[in-house]
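Q: Based on these hints, arrange chains B, R and D on the given structure of chain P.
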Amino acid sequence: MGRRLLIAVIIVAAFILGVIYAWRITFIDGTELLFDSGWWLVLLAPLAGILAAGLTRRTDPVIEGDRVLRHDGPAMLEHWTHGVGTLVLLVTGFALGAFFIPSLLTQRQVWAAMNVHFVAVVVFLFGTFYYGANAFMSGERFREHLPTKNAFKFTVQHYGRLLGNKKYDMPPEEKYFESEKLAFLLALASTGLIIVTGLIKVAAHVFDVPGWVMFVVTPTHDVAMVAMAVFFVAHVLFAAILPMGWPMLRSMFTGYLPLDNAKTEHAGWVADLEANKPAPGDSAS
Amino acid sequence: MGDIDKTKGTEPEGKVVSRREFVTGLGGVGLGAVIGGLLGQGFFTPDKVFAIPASGGYLLVDTKKCAGCTSCMMACSLVHHGQVNYSLSRIQITQNSFAAFPNDISMAMCRQCPFPACVEVCPTGACHVDTANGNVRTVDEAKCIGCERCVNACPFTPSRALWNGADKHAQKCDLCADTPFWNEKGGPGGKQACATVCAMKAISFTKDVPVQGADTGYNVDLGSTSKVWQGFGFNVG
Amino acid sequence: MALKKVGREEALRFTRVVESDELRLPGSQIAAGAGGVFVTFGSLAEVEAFLVPTTPEEILASGMQGRLNHLDPPSLAMWVRDMIGDSELADALDEVVASGRAFGLLVPEMKELLAERLAQCEAVLAEE
Amino acid sequence: MANGYAGKILKVDLTTKTIGEIPTSQYEQWGGGHGMGSAIFWDLCEDPTVDGTDPKNVVTIMAGPLSGTLASGAAGRTEVQGIGLQSMPRGWFTRSNFGGRFSTHLKYAGWDGIVILGKSDKQVWLNIVDGKVTLEDATSLWGLDTHATQQKIWASVLGAPPAGNWDTLGTTRDSGRSTQRPAVLSAGPNAEKFGPWASLVHDGGNGAGQGGFGGVFASKNLKAVSVLGTGGIEVADPNALMQARTWLMGYAVAGNWDNQGKNVAGNWPLPANPGTASSFPKGTALRPQGCAGCVRMCRCRSDKIMGNDSMCVDFFTTAGATPEVNVVWTDLMQKLGLNAFNLVGLFPWLRGLVAEGAIGKGKAIDSSLPFEQMTSVAFGVDLMNSIVNQTDIGKDLALGLWQCAQKWGRLDKDLATGMLPLQEWGYVHHYDGRTEAEWGYGCLLGDRDINEHDFNWICYWTPTIWAAYGMTPLVTAQRMAEIMSKQMIPYSDEPNLIDYSDAGIYSETMAKTTAWHRHYTRYYKQALGFCDWNWADFVNPYGPDFVGATSIGEPKFFNAVTGKNQTFAEGMEIGRKIWNLDRAVWILQGRTRDMEVFSDYMYDVAATAKTPGIPYEMPYTMPVFENGAWSYKSVAGRKLDRQKVEDFKTLFFKLEGWDTKTGWPTRKTLEDLGLKNVADKLQGAGKLGAA
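Residue numbers (numbering that gives the first Met the number 0), protein chains in the order written: chain P, 0 to 284; chain B, 0 to 236; chain R, 0 to 127; chain D, 0 to 690.
Looking at chain P on its own, in the form it has when it is part of the complex (with noise of 0.2 Å):
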């Protein structure tokens, strides 16, 4: 717990000191484009995460007495590495005017804006690649993502039941509500063309890109900006927003869920767990 938070605060701390960093070079010395000058970063943030990945131990979910351990530390670390580089990368990709959006900010926070973005860029290509490897190395950790044949049925349903239609009941959720699993999808693709097109962005700061491609790249970045943050708009405020979420969401920062949360929320999955068998993603204990 205390290596835990000493970890987070860790992270945290150096996030925003790179922020304040990107500010800061803006004003002082209008000529550095963190882009330019710190380009190597973007590739060794990605290794970064695939390294740590590959250094992690992870602890499978379990019934502890009246709570579930959800979320082990790895769990929390690439979810809100991932998430809160999302969000700096949609405020600061809109500030600078997606399309045929005006920017709304002066030259100089243009410049302040971009640097921002890139160390948003460093985080979240550390949080994506280090969730990538981990679920590389446990296809489990990546299967429990994906839809199954009950994905239509279940989500008429769960959602049926939410709007107060009492003809439904609450399905038997598995670790993810098949809803999440089906938006997991959408997150996946406008991820995998965010960071594709980002990348080639960058080494457009490196090498000779050809126009038409950046002129194909540029575009598709922002449509897929867009996605991304419907997907983000959407997970918020299932998962923080509506109260229906917050034991969840405190989850996300305590790693466990009350039992009886979880027993009406995900019958599916705690019946696994209690059935006791190897629970699902029990691949690296």
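These are calculated hints, taken from the structure and not from any lab test.
Please note that the accuracy of each hint is not assured.
Result set (EDC-like, lysine to aspartate or glutamate): computed pairs, CA atoms no more than 20 Å apart in a straight line [unchecked claim]: (1) D:K643 - D:E625; (2) D:K511 - D:E595; (3) D:K360 - R:D20; (4) D:K485 - D:E572; (5) D:K281 - R:E56; (6) D:K16 - D:E45; (7) D:K362 - R:E18; (8) D:K412 - D:D395; (9) D:K360 - R:E18; (10) B:K190 - D:D236; (11) D:K362 - R:E21; (12) D:K281 - R:E57; (13) B:K184 - D:D236; (14) B:K190 - D:D257; (15) D:K511 - D:E481; (16) D:K10 - D:E45; (17) D:K638 - D:E595; (18) D:K362 - R:D20; (19) R:K110 - R:D90; (20) D:K680 - D:E670; (21) D:K632 - D:E481; (22) D:K632 - D:D544; (23) D:K281 - R:D90; (24) B:K200 - D:D257; (25) R:K110 - R:E126; (26) R:K3 - R:E87.
A: Quick look at chains B, R and D alone, frame taken from chain P:
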């Protein structure tokens, strides 16, 4: 690695490298490679020398002949953007009715500098030397990231590289190499809209590097040798 | 042509400005843009200054700024004789007019005569 | 929509301080400029019978589709309309027009025109930066001259005096930028006090002088209008516009610099060459200066900041006044915002009064101005200041020339002799209706001295100058008549359109010439903004067989910019429509046929000097068709015949489809023009012409 690695169980028999080993290796080696590469480059490769060919042509202006009608600005934006628009013109005429000739007008045309600061500072090569069009210094809009380094770097006032706020990219004089709204061949080998419409012949095109004079223009005389001009009795060369 | 020297009181007479109740010499200043205005003259000096030797090409090339200062040469001679009392100058002017050429072509010679006379008078008046 | 229009017209109500807009498409049928201005005035002025100083007066400041484009001469003009303060016996609905950069910036700011309603309770100036329109406090500007006002406003709009750098207007990277100074139109100091004289001045010397719109502005507590545009105007066919531009340059010095054999000095000159030095002291270093988009550049800027941007009558001159004196007067006149043409008429009047001994210290008209030295700098300066400050005779002059003469009890007398040269409507005699008929008739049947040199340059000025040197123009009178008839659509079948003979000036063909001129200028010049010194281009040394650009050039530009396919004749028809609408406004203001008479001197005194015993005629040589042959002939010294002028009016009214008894348009005429609503309104006022 104190605990038991269960992943082996999920690996096909006989596999020598586990996924974990692969991932760890990839991360470690990659990291090492990049850092090594960077250090290597930093230590062993000399700084890139900035050397570019001279432009195949130049706009020559004679500020004393300019009548301030701004037709050149209108023509510039017209042939490049299909609209008359001072703010999109790559040549800028500024004038003050209450100032004394010849300081009442200044003509701000791009000089296609031999050592173009705008090209030098561009982080993405968007502002570049267009070898396909007589080495004219111009901006590849698709590559522009909107940092405006070129705009700030131009040594002249007003900056000859300008920001297109509508389409959000920098742009500058390309000697009409790329004029989608004009059926004339432009560029160093062709016609320039501003010179074409100038009624006073205050703008002309030359292939030889002109002597870079004051910010207000070159020290040239494009008209006063003409009998017509002399007929008007302006008392200026 | 050469005009005879003038004496002091002649010089005074030739350089005078006619009184407001006396006849003034009419003329007009016509301009391409602004139209024409009538003008009148009360002295040889005014007339001399008004006469501007130029060419139609010059005037027309001046576009809207083009101007022509015009008066009637026979009337000028008449006015010089009757109002200024310089019959010698009047005769000389009549001679110029007699050539029958158009106004514009007479201007240089008329101006020259007036200038010559005015110079003489100035010289005489400057002596004392 | 790429059609040359900005798409909206700015509507400012000074009374309620509300900023609104009118979609341009609502008035597009009128072309732009004067056409739209008249139509808007018709729609928005509740009561055209009020005086120009009444808050109900509606002022329009209009651009057109060609404003700010490469349509030479048309790009730079701005048309001002409203009820004026200058004309007598009443202030007619009138117009004035100025050049420079104003309409260009107005278009680039996204506006095709400005409509000003009501009256502000505080002294204000109107600040337009693109779509952002605000009314600013003008109390500190009110007493300033037009030049100081503009410079103050420049600094206020840009936040600092212009430095020639890129100014970001707005706060963000992508908000508009410009290197340009705002285009400001300003009235003079306390212009409400000399309204009939007060002009509107833009930059150094672009002035809307006639009509007294400076006084109208001041009466609304409006000091100035400033506009800065960072946007653009999309053109329907950019390539065609570039071609039209280079084509037109071929008709000007601009396209013939190297054509020494045909340069202006050696041949038939153009109405406007690059501004010339002739109005400046010898040895002054100058540059030619032009309005936005011009090919002619008829003004100058000097190394001594003298006479900058002024031209033509701005250098109002009086016999004996040297250029050294004139330029000083010119700049003061521009700063004070005085109407140059009133001064042109004032000088000969004062000279006459002096000669009569009627004015001076202790005289009937008591004045301490230095009349003994009327050609000195001091006299002009004192005179102008007296008008602006209402001191000495200035306090009477400030009322207007006509009104002043009335007060001095000299009106009838001096109009009878022509000593006070007010040809019609209290406007100063410009070109002589007794000799150059189309000019006089145009003024008489309209609202002001037309100041349209279309025929004047070619038919009067050029032949007259050659004649003064005993030569004839390179184009014979017959050839001139041929060329012009061809261009004067729809009257091309009429060969004698420019017959200025004693019979010709009262003929039906002269009625057609006059009508053509009214219609042409209403549309092409005042609605589309084609400049008086570029157009009409009838005879041109660079044209094929001396044929000028007119009738081909105008639609060429209009269609390239708007993407329409309008013929020259269609444009002339719109001109007729505008002319009829203006006529309707004057009729509502009280116009009747019997009011339309020249001042007495036009009928009773020949265009000769008023020195008894010394015959003198101002030179006036024009084309005439007499005894079956064309020639250039001196028509100087002609008087008009009252009855023949009346008969001419009858011919003209018939031709226009107006009631010959009243001069009021008939319902049929108006409805054929699509002006049913106008016919109805006239009928309501009991002023519809009888069929």
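Q: Each hint needs a verdict: does it hold in this structure or not?
A: So, going through the hints one by one against the coordinates:
no. : hint            : result
1   : D:K643 - D:E625 : holds (18 Å)
2   : D:K511 - D:E595 : holds (18 Å)
3   : D:K360 - R:D20  : holds (17 Å)
4   : D:K485 - D:E572 : holds (17 Å)
5   : D:K281 - R:E56  : holds (19 Å)
6   : D:K16 - D:E45   : holds (18 Å)
7   : D:K362 - R:E18  : holds (17 Å)
8   : D:K412 - D:D395 : holds (18 Å)
9   : D:K360 - R:E18  : holds (17 Å)
10  : B:K190 - D:D236 : holds (19 Å)
11  : D:K362 - R:E21  : holds (19 Å)
12  : D:K281 - R:E57  : holds (15 Å)
13  : B:K184 - D:D236 : holds (17 Å)
14  : B:K190 - D:D257 : holds (18 Å)
15  : D:K511 - D:E481 : holds (16 Å)
16  : D:K10 - D:E45   : holds (15 Å)
17  : D:K638 - D:E595 : holds (17 Å)
18  : D:K362 - R:D20  : holds (15 Å)
19  : R:K110 - R:D90  : holds (15 Å)
20  : D:K680 - D:E670 : holds (12 Å)
21  : D:K632 - D:E481 : holds (18 Å)
22  : D:K632 - D:D544 : violated (23 Å)
23  : D:K281 - R:D90  : violated (34 Å)
24  : B:K200 - D:D257 : holds (11 Å)
25  : R:K110 - R:E126 : violated (24 Å)
26  : R:K3 - R:E87    : holds (8 Å)
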